[in-house]
Amino acid sequence: MISMTPRKHIPLSLTLLTPAVAIFLTLAVGAGIFGILGFSPLGSLYTFFVAPISRPDQIGDLFVKACPLIITATGLVFCFRANVWNIGAEGQLVFGAIFSGWVALSFPDWPAITLMPAMVLASIIGGICWAMIPALLKVRFNTNEILVSLMLTYVAALFIDWLVRGPWRDPMSFGFPLTKMYSDAGLIHRIDVPFVGSLGQLHWGVVGALLLAIAGSFVLSRTILGFQIKVMGDAPRAGRFAGFKPHLVTIGVMAIAGGAAGLAGMVEVSASMGQLQPNVSFGYGFTAIIVAFLARLNPIGVIFAGLIVALAELGGDYAQIALGMPKVVTGVFKGILLFMLLAGETFNRYHITWRPSAVMPVSKEQ
Amino acid sequence: MEALILTVLLTSVPLIFAATGELVAERSGVLNLGVEGMMLMGAVSAFAATSILGNPYMGILAGAVAGALTAAVFSLFALGLATNQVATGLALTIFGSGLSGLVGAPFVGGTVEGLPNLAIPLLVDIPVIGNLLFNHDIMAYLSIGFLVLVAWFLNRTRAGLVLRAVGNSHDSAHALGYRVLLVRFGAVSFGGMMAGLGGAYLPLVLTPHWSEGMTAGRGWIALALVVFASWIPSRILIGALLFGGITIMQLAGQARGWTVPSQMLSMLPYIATIIVLVVIARNRDFALANSPACLGRLFIGNK
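Sequence order for the protein chains is A and B. Numbered per this note's numbering, the first sequence spans residues 1 to 366. Numbered per this note's numbering, the second sequence spans residues 367 to 669.
Please note that a few of the clues may not be correct.
To be verified - Stretch by stretch, here's where chain B covers chain A in the computed footprint (C-beta under 8 Å, at least three residues): (1) 141-151; (2) 187-201; (3) 279-290; (4) 333-341.
Calculated directly from the structure, the hints in this document are not laboratory data. For each residue, glycine too, the CB sits at the ideal point set by N, CA and C.
The task is simple: from the sequences and hints, build the whole structure.
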């Protein structure tokens, strides 16, 4: 029989060790699965995790890949801390891209100094609007936010598909489902690194993402809002006795997550695409969930977790080109990683021992 | 018209399978959000087995086994290690999408011979409804059979009572000496098998090919159906037919040259799901009357 007793105190070493062990086990199990399916286990690991960062400029690309993940996951951390299960960040991201795209396409003559803030604001509003649907339905009717936010992801994907194939399609696009290019003022530019020039695709949005994660950490650990969120997640009864409003917290964290996801959509389009297309996101909203968990729901941790998961994402691109595998295959690693992280959480919280069955233990609690 | 009704019936079959299985798991107190992943594993395994062995019945078997095995991964973590069920279910969906894409990569572009229709003698000759109801493939019959079986099992057998007890109060059930985790493992495995069968129906009957992510959210709609059915098996049938009908509306719309953009029609099942969830949730007593009290709650044995 396995016996699990809650730990009274979680040692710091365990907190730091768990993600490392989880990553190691993920690589081992992932390689095993690839081996069983007839691929070279070590070769697969190399393709996924080494080849993508074997040149200096690829480090820049790694940060670029991590950028939307870090932004989105920072917002999701707030939701998950409050025990609100927003899993529709993907749709909120798409709506951020749509709203900012509308601004960029409507006011191409504006200078960057006004256009850029307007696009940022629009993207945040877009993401919040889309997140408010599950949030308000949950608060008002007690509907399940998981299912509603997820269904809205499919709706958002179909909506942008309609926009870029229909009313917003560039007449000069030769029938391709693309909008006009944004004006130069609506684009996020690459960073000129001293002595090196540009480092891969590294752009200013990455700097914004890092700042956002740091700001998120501050809000969560140093403000009343952050405190309320944590209390409502860990001990909702205590929170209600303290006079916190559960509905307001739900709406607040959904707005934060939606706004962040929307912003990620704007950054992704303005930095990497320059125009709207049917696929503005490649599952970043879902991947960000794993990033948030790998970071142990800590915004600073999100930066590192974002880079690690981005590596697997880049690896997926490489595997697609080098081995002809479909892109979803990274899901094998991402899924196992999430499993391992959750298991690690159990080992963190509980002292697990194996003892022979049949002997009922005397309870030591009280 | 008859063709239209037939398509509605066929479209609802995977939903009936997946939702019935998930209902049993949820009645035992386990929320497994990995239905989409289990369906995809079922679909790819069914397609692979059928194209290798050349027999669609082996495909059914492969789909069921693959679904149950995928569910076992969920059980290992969510039951064995008491991990958060919501997050574990998400992980299972991500994992299932990835692994099915990997396993299915060599089969993209191939086709298989679908399941043959088995007309039930005599009954099929009944005017009007005969051909509609009694001239289907074996899985369509099976889906209804399982639904009836589950309804009978949950409400009329002692084992079903134990399963519901575990879902309503795992501590009491544990104190009475029932093996909570074992019961839940059984329920989750059954749910996985049913999701696998639902997934298998896609390549074996609906569209005779494999493409990654071909379930297109059906697993999530099945989860919504369980809420819609307010955890009562017979209501799943109504819900599944409703969704089948809505899904088919887009095809019918295109055929009749409606001027609504195709994307808007494709949104219908998802929007309908949201509306249904709201309508059901508004009437709290109705919605939660049969909701398992311990749904999604962690159970730590021998504490």
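Cross-check of the supplied hints:
1. 141-151: It holds: at least three residues are needed, and the region 141-151 of chain A offers 9 whose Cβ sits within less than 8 Å of chain B.
2. 187-201: violated (count 0)
3. 279-290: Coverage by chain B holds here, the residue count being 3 at a Cβ distance below 8 Å.
4. 333-341: Three-residue rule met by the region 333-341 of chain A, so holds; n is 6.
This entry does not satisfy hint 2, going by the numbered hints stated previously; all others are met.
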